[in-house]
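So the sequence lines, in the order shown, correspond to chains R and L.
So for the first sequence, this note's numbering puts the first residue at 1; every next one is plus one.
So for the second sequence, this note's numbering puts the first residue at 1001; every next one is plus one.
Heads up, some of the hints might be wrong.
A few chain R positions that, by computed beta-carbon distances, are all more than 10 Å from chain L [said to hold, decoys possible]:
1) 27
2) 36
3) 84
4) 114
5) 118
6) 161
7) 217
8) 242
9) 252
10) 255
11) 279
12) 281
13) 313
14) 337
15) 338
Looking from chain R toward chain L, a few residues come up when the C-beta cut is under 10 Å (computed) [said to hold, decoys possible]:
16) 13
17) 15
18) 16
19) 18
20) 19
21) 23
22) 135
Keep in mind that the hints were calculated from the coordinates and are not lab data.
Yeah, the Cβ is synthetic: ideal placement off N, Cα and C, and Gly gets one too.
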Amino acid sequence: MIIITEAGISEPTLDALRDHLEGHGVRTHVSRGTDRVVIGLIGDTSVLDAGTVRAWPGVASVVPVRTPYRLASRQFRAASTLIPLGDAAGTRLGGRDIVVAAGPCSVEGPEMLLETARGVKARGATMLRGGAFKPRTSPWAWQGLGAQGLALLAEARTVTGLPIVTEVMDPRQVDLVAEHADVLQIGARNMQNYALLAEVGRIRRPVLLKRGLSGTITELLLAAEHIMARGNDQVILCERGIRTYETATRNTFDVAAIPVLKRETHLPVMVDPSHAAGRADIVAPLCFAAIAAGADGLIVEVHPRPAEAKSDGDQSLTLDQFGAMMAMLAPFAAAAGRSLAGQPAEPLGALVA
Amino acid sequence: MPQTSLTALRTRLEAIDAELIALLARRMELARAVGAHKRTHGLATLDAGREAKVVSHAARLARDAGLPEEEVRQVFWQVVAMSRRAQQDDAQ
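One chain only, chain L, in its complex shape:
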C-alpha cells in the first residue's frame, strides 16, 4: 500500500478516536450525574445488577453489528468500572 493512503487511513482512524474520546467524556458526565442521584437518594454506588445489564446490552448491540462480542464485553467492563470509580471519587 502506498505511504500516502496509509497516512490518510490513519488520519481517519485518529478522527474516530477523537469522537470516541468525546463520547466517553459525555458518558462519564452522565455517569457522575447518576452518582449524584444515588447519593441524594441514599443508594449504594455499586449496582452489580445494573452493571451486568449495561454490559449485556452492549454485547447484544455488538453481536448485531457483527463485532466480536466477548471483546466488546471486555471493553465495556472497563467503561463500567471507570464510571463506578468516578462515582466513588465524587462520593469522597
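Extracted from the complex, chain R is given alone in its bound form:
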C-alpha cells in the first residue's frame, strides 16, 4: 500500500499518520516531493483498514502496490537513486553521467594491476574492477589472491584515485571486503544467496548486484529488496547476460532488461557486456546498445595481455581496444542525452608508465 498525502501536509499531521500506521506493526518509508509526501508501507498491511487510512487527515489517496518488491519500486520512490562512488568528488551513478568501470577479471599481481589501473584511467574509466575472491566453476581452477588481492586493489586506488569494485562471496568476508572496496559486488551465482544479501544489507556501502544466470527481472528486483530491507538502499543492478539456447555467445545479453528495469525501479542499472558475450570482439557494440537502451554504467574486463590472463582472457579487451571503444562511446552517450563521467581523458603519456 502506498499513501499519497495532500499538498503541504504539516509535520504534526504526518507524525500522527505515521504513528497510526506503525502502531499496527507496519513500517513507513517516506519520500518527500516538492509539496506532497509519498508514504510506502512495508510489512503486513492486511491489518490496516484502507477506508480508515483514506479518511485520515492529510491523506489524498491510497494506492495498492502491484509488484512483489516495494523498496526497489518506482511506485515507492519516483526519483532515480544517485549513488556516490568512493571519495572521488562528483562521481555519482544514476544521474546524467555514465560511469565506466574497467579492469581485469582477477587481480593477478601488483604490476599487472597497476598497469591496468593506470591504463584504463588514462582512457577514461571512472572506476576500477578486479576480482580478489573468484567464484570458479571448477574447484581446480585458480581461485584468486583473496585478502592479498584486496590490499593490491586498495593500493591501486591510492595510486590512481579510481574507486574500486570487487566481489564478495562469503558472508564472513563482508566486513573485510568493505574495509577495502568502495562498491561490493554480488556475483551472478550469488544473486539468491540470501544470507550473503542480508550481510551486505547490514553495511552502508554501495552493492553491485549482478543478475543470476537464470534470474528473471522480478527475481533480481526481489534480491535487491532483500538488501534494502536490511537498511542498505545503495543497490546497483547489473545485467550480465542470461542462459539461453544460443551458443555463439557465452550468455545472451538481455538488452530489454535495461528499459524494463529503468521503468520498474529507481535503482541505477549497469551492464557487464564482457560476461554477457564471453568474447572480446563484440564487447564494444554491446556497450553501444546498453547506452542506447538507457544503462547508467558499464563494467568491462580489460587486461594488458589477455592471452596471459589467469581467467576470462577470451572476453578481456586490451588497453588499446578499450581506448578505441571509449572514444566511440561519447556520441552514443550524447544521442541518449547523457555524457561520460569523469574528467576528459588525460594525455596518455602522463599516466601510462
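Based on these hints, arrange chain L on the given structure of chain R.
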C-alpha cells in the same frame, strides 16, 4: 588537517561513544524492568503502538535538533528491537 588535531577530535568522538553506550546500558536496564512489569501484569511483550510512539518521539526530537529524521528513525527502530529482544529473552 594536522595529524594531532585529527587524533584529538577522534579521542573526543570516542568519549561520546562511551557516553552513548552507557546511556544504552541504562535504557536497556529500564526496558527490562518494563518487561518484568508486563510479565507480572499478564501483558504481551510486543506493543506495536508503544514502539511506534517511541520512534516518532525520537523523530520529533531529531527534527528539532536539526538531525536527519529518517536516519534517526532507523536507529531507534534498532534500539526498540534490541529492548524487545531483551524482554523476550528474560521471559523465557
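Here is what the structure says about each hint:
With a closest Cβ-Cβ approach of about 7 Å to chain L, residue 27 of chain R is found to fall inside the 10 Å limit, against its non-interface label. Residue placement check: residue 36 of chain R keeps its beta carbon more than 10 Å from all beta carbons of chain L (closest about 17 Å). For residue 84 of chain R, the shortest C-beta to C-beta distance to chain L comes to about 16 Å, beyond the 10 Å cut-off, and the non-interface label holds. A cut-off of 10 Å between C-beta atoms confirms that residue 114 of chain R is not in contact with chain L; the least separation is 27 Å.
Listed as outside the interface, residue 118 of chain R is consistent with that label: its C-beta sits roughly 29 Å from the nearest C-beta of chain L, beyond the 10 Å cut-off. Separation of residue 161 of chain R from chain L is adequate, the least Cβ-Cβ distance of about 20 Å exceeding the 10 Å criterion. Every Cβ of chain L is farther than 10 Å from the Cβ of residue 217 of chain R; the closest lies at roughly 28 Å, confirming the non-interface assignment. Residue 242 of chain R, annotated as away from the interface, keeps every beta carbon of chain L farther than 10 Å; the closest lies near 35 Å.
Listed as a non-interface residue, residue 252 of chain R keeps its Cβ farther than 10 Å from every Cβ of chain L; the least gap is roughly 40 Å. The beta carbon of residue 255 of chain R sits about 36 Å from the closest Cβ of chain L, which is more than 10 Å, so the claim that it is off the interface holds. Every CB of chain L lies more than 10 Å from the CB of residue 279 of chain R, the least distance being 45 Å, so the non-interface label holds. Chain L leaves residue 281 of chain R outside its interface by the beta-carbon criterion, the shortest separation being 48 Å against a cut-off of 10 Å.
Separation of residue 313 of chain R from chain L is adequate, the least Cβ-Cβ distance of about 45 Å exceeding the 10 Å criterion. A cut-off of 10 Å between C-beta atoms confirms that residue 337 of chain R is not in contact with chain L; the least separation is 31 Å. With a least CB separation of 30 Å from chain L, residue 338 of chain R remains clear of the 10 Å interface cut-off, as annotated. Restraint check, residue 13 of chain R versus chain L: the minimum CB separation of about 12 Å is more than 10 Å; hint violated.
At a threshold of 10 Å, the smallest CB-CB gap from residue 15 of chain R to chain L is about 5 Å, leaving the interface hint in force. At a threshold of 10 Å, the smallest CB-CB gap from residue 16 of chain R to chain L is about 9 Å, leaving the interface hint in force. Because the smallest distance between the Cβ of residue 18 of chain R and any Cβ of chain L comes to about 6 Å, under 10 Å, the interface hint for this residue holds. Taken as an interface hint, residue 19 of chain R checks out: its beta carbon lies about 5 Å from the nearest beta carbon of chain L, inside 10 Å.
Satisfaction of the interface hint for residue 23 of chain R is found here, the shortest Cβ-Cβ separation to chain L being roughly 4 Å, below the 10 Å cut-off. For the restraint placing residue 135 of chain R at the interface with chain L, the shortest Cβ-Cβ distance is roughly 32 Å, beyond the 10 Å limit, so the hint is violated.
Violated hints, listed in ascending order, are 1, 16, 22; each of the other numbered hints is respected by the structure.
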